[in-house]
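Quick mapping for you: the protein sequence lines, in order, are chains A and B.
All residue numbers for the first sequence refer to my numbering, where the first residue is 1 and numbers rise by one.
All residue numbers for the second sequence refer to my numbering, where the first residue is 1 and numbers rise by one.
Among the clues, some could well be false.
[What the hints assert, rightly or not] The list that follows gives simulated cross-link-like pairs (lysine to aspartate or glutamate, DMTMM-like), each with its CA atoms no further than 20 Å apart:
id, chain 1, residue 1, chain 2, residue 2
1, B, K420, B, D26
2, A, K62, A, E49
3, B, K450, B, D223
4, B, K191, A, E108
5, B, K374, B, D404
6, B, K268, A, E326
7, B, K450, B, E97
8, B, K374, B, E401
9, B, K191, A, E111
10, B, K342, B, D117
11, B, K268, A, D322
12, B, K196, B, E47
[To be verified] Just some of the chain B residues that point at chain A, by a computed CB distance under 8 Å:
id, residue
13, R250
14, D261
15, V296
Keep in mind that the hints were calculated from the coordinates and are not lab data.
If you're wondering where the values come from, they're calculated on a predicted model, not measured in any experiment.
Positions of the beta carbon are idealized from the N, C-alpha and C atoms, including for glycine.
For reference, the chains in residue letters:
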Amino acid sequence: MLSRVASNLYWMSRYIERAENTARLLDVNLQLLIDFEGYVEEDERHFWEAVAWSTGDYEKFKETYTVTSSETVTDFSIFNRDNPNSVLSSISAARENARMIRDQITQEMWECINELYHLVQEQTAKEIWKGDVYGFFEEIKRFSERFQGLTDSTFVRDDGYKFLQMGKFLERGDQTSRILDIKYFMVLPEGQDVGGSVDIAGWVAVLRSCSAFDAFHQRYTDELTMAQVADLLLLERAFPRSLRFCLRQVDENLRALSNTSEGLFSNNAEKLSGRLRSEIVYTTVEEVFHEGLHEFIDRIQKRLIEIHNAIHEQYFSVPHIDRDAEIAQHRARHQQQQVQQ
Amino acid sequence: MTSVAPMLEFTHYQTEAFFDEMFAADGTVRPHYRKLLESLSALSVEEFENKRAAVDTSFFRQGITFTVYGDDAGTERIFPFDLIPRIIPQREWAHIERGLTQRITALNLFLHDLYHDQKIIQDGVIPPHYVHSAKHFRKEFMGINVPKDIYIHVCGTDLIRDHRGEYLVLEDNARCPSGVSYMLENRHALKRAFPKLFPLAGVEPVTNYPDELRKTLRYASPDGKENPTIAILTPGVFNSAYFEHCFLARQMGAEIVEGQDLLVRDDKVFMRTTRGLQQVDVIYRRIDDDFLDPSVFRPDSLLGVPGLINAYRSGNVALANAIGTGVCDDKVMYYFVPRMIKYYLDQDPILESVETYLASEEKDYTYIMENMEKLVVKSANEAGGYGMLIGPSATQAQVAEFRDAVKANPRNFIAQQPIKLSRHPTWTGDQTGFEGRHIDLRPYILYGDKVRIVPGGLTRVALRKGSLVVNSSQGGGSKDTWVLKNDE
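If we strip away everything but chain A, and leave its shape as in the complex, we get (with noise of 0.2 Å):
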């Protein structure tokens, strides 16, 4: 397939599953406010704070916004432009590459994300703020369903299919880190301990922000704990937004593409992602907290840049043309063709 076509179907992907992260880790902690009784306003600040700095441009946001409240990182997240990871900027970009490869999705996707833009368009946070919070998330969480559904089910399993999983795992992959070192910034209020009630629901929203609450406490069912939170996102085999579990989908489709047995590697894509997806594999919980948790995560993201770097560089970008060589080659030939005529 074109190159070009093969990076809009790649970024496509990555663009819908970063707006529907986002707007459930906003959801999700809006709703955890909720239930801090304790939280003065102090708290309530840091708290937004630690939000806004993981969903894009921390410097921005200062920059943009004079009061850190639930109301402006809402605004920030959701609804800013120039926040190029907000929701619609995410949507926005998503629909403009869906837009140059519609010939390569079917009709009800393309609906799927253009309705889901114009919804997002026709908002502004303070509306939403009047009316249903809640119920203006759960319809971008619904048409970000119903897109995989869509993708799922009527997406010919083909090279482009490889790309789309290769573009939402990998921006899946590091949604996960990102949602999950949130908690290293969120500063305990005063007089809470470490494993009190607020640290506690805390970690709850962290695996809730993941959609991994049901699969935690199908796992483990006495009291939860950080590193039991870090065990299964990070390093669950069986939970399908596990960092594992994503690393094993870029990886599988990147051999896929080119036909490369497990255990080999025929480009540099390929190598990358084997060595990160196995280094996961072969780690233990208690490895990733005595590096530190905030250090792993770090770490990992810029694998994963590093892995998207390579990506680009074997299937999307091209050998640059000199486009003003080309030309001068061609007309050179034109003109002696002319004469020969």
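Please build the complex by placing chain B on the supplied structure of chain A, with the hints as guidance.
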């Protein structure tokens, strides 16, 4: 007291002095519209408005829109669609089809002759200076052979009806005619709006257009290619017809490419794919000649492919439509088409042209200058309804402006008697109901192993009261076109 919901009706509908598609001059409904009238009369205004809104939402949701740029958010608008279909009985269509087939055959023969021996000029049928001064005549392409000698593969010929109900050819669009996707989407929309009416009405299907197009393009391939690779070359996502390019690509199973996706090596055209270079045999190009190849035409074109013309000349790639077909869009050349039909086919034109005066002919020039306020004056190579003066409704200043323009460059102008274009009932809102609006018809003619014309085409309607301009950029909309299997 119970109030009855207002129903759709035509009791106040006026045909006035125009040929009306639906109603005869005495107000009786034409036989082929009878079933439609019955169906419509059974609807309340509210039900009708609901159907309209549903169709508009559907178009919006599907993204069948054109973007109004220059607006920060890039507002998207739907190409306005009127729910009342334009209906053509079979015998009328058969006549149109015969006429269009004759016309495109003559045009292709003309183009081949024009770019080879120019016998039509040597035999004095067309004065040479008209050809040589034609803006889109590509002299450098003389002597080049094209696969199967076909120049125009896809043609959009605009037809109008005069006050007698006679179909006339208004103009040919032999370069990159667009709008076929609206034809297909309009049909789809109408089927959903009136699901019960369709099977009863006996309408010829149009959904096979992409299939017919693919057959036409396959046939256009250079010889020796068993399974030719077809690509649609698009200017890209910012082009207002991009939706159509994608639509056709998907329906035909062809690749859609931009200039940057193609590379020419050894005079062959290749697509840059994730698995290396893949050769392309037929390019359905939706880019004008001028922008196609920066090494030959406009060097600043970022849309084109350097070397494409070399490949074309070498016979390694077919272009649909070929280079140089724009000469047929020239309104001065339009004047000579009846003579072309006579010269190449020894036939009289089945579809007549509008009577035309050439400003570069002395007698006509005088007539035009003396009667400009009564005539329609058109510049030879403009499109979209621009560069046109409608004398009877123009201001003195506008007429003066055109007088100067014609005087300065008579070769660039023609004039025609204003035609009383036919009208069709069109919904103007629940306050005013149905009113007559001027329409035209653009059938799409495909020329391959045979001439294929999908029944109907795009009916465009001038939505503004009294307006004769149907183009989308100037207040036009469209309707679905039904060709009946029978005469009613």
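We went through each hint and held it up to the structure:
The straight-line distance between the Cα atoms of K420(B) and D26(B) is roughly 18 Å, inside the 20 Å bound, and the hint therefore holds. With a C-alpha separation of about 10 Å, the suggested pairing of K62(A) with E49(A) holds against the 20 Å cut-off. Distance check on the hinted pair: K450(B) and D223(B) sit about 17 Å apart at the alpha-carbon level, within 20 Å; holds. For a cut-off of 20 Å, the pair hint linking K191(B) to E108(A) stands: about 18 Å separates their Cα positions.
With a C-alpha separation of about 17 Å, the suggested pairing of K374(B) with D404(B) holds against the 20 Å cut-off. For the hint pairing K268(B) with E326(A), the CA-to-CA distance comes to about 14 Å; that is within 20 Å, so the pair holds. Simply put, K450(B) and E97(B) have alpha-carbon atoms about 13 Å apart, close enough for the 20 Å limit, and the pair holds. The hinted pair formed by K374(B) and E401(B) meets the criterion: a straight-line CA distance of about 15 Å does not exceed 20 Å.
Between K191(B) and E111(A) the alpha-carbon distance is near 19 Å, which keeps this suggested pair within the 20 Å criterion. Restraint check: the Cα-Cα separation between K342(B) and D117(B) comes to about 18 Å, which is no more than 20 Å; the hinted pair holds. Taking the CA atoms of K268(B) and D322(A), the gap is about 18 Å. The hint holds against a cut of 20 Å. In summary, the hint linking K196(B) to E47(B) is supported, as the alpha carbons are separated by about 15 Å, within the 20 Å threshold.
For R250(B), the shortest C-beta to C-beta distance to chain A is roughly 4 Å, which falls under 8 Å, so the interface hint holds. The beta carbon of D261(B) is positioned within 8 Å of a beta carbon in chain A (closest approach about 5 Å), and the interface hint is therefore held. Taking 8 Å as the C-beta cut-off, the interface hint given for V296(B) holds, the closest approach to chain A being about 5 Å.
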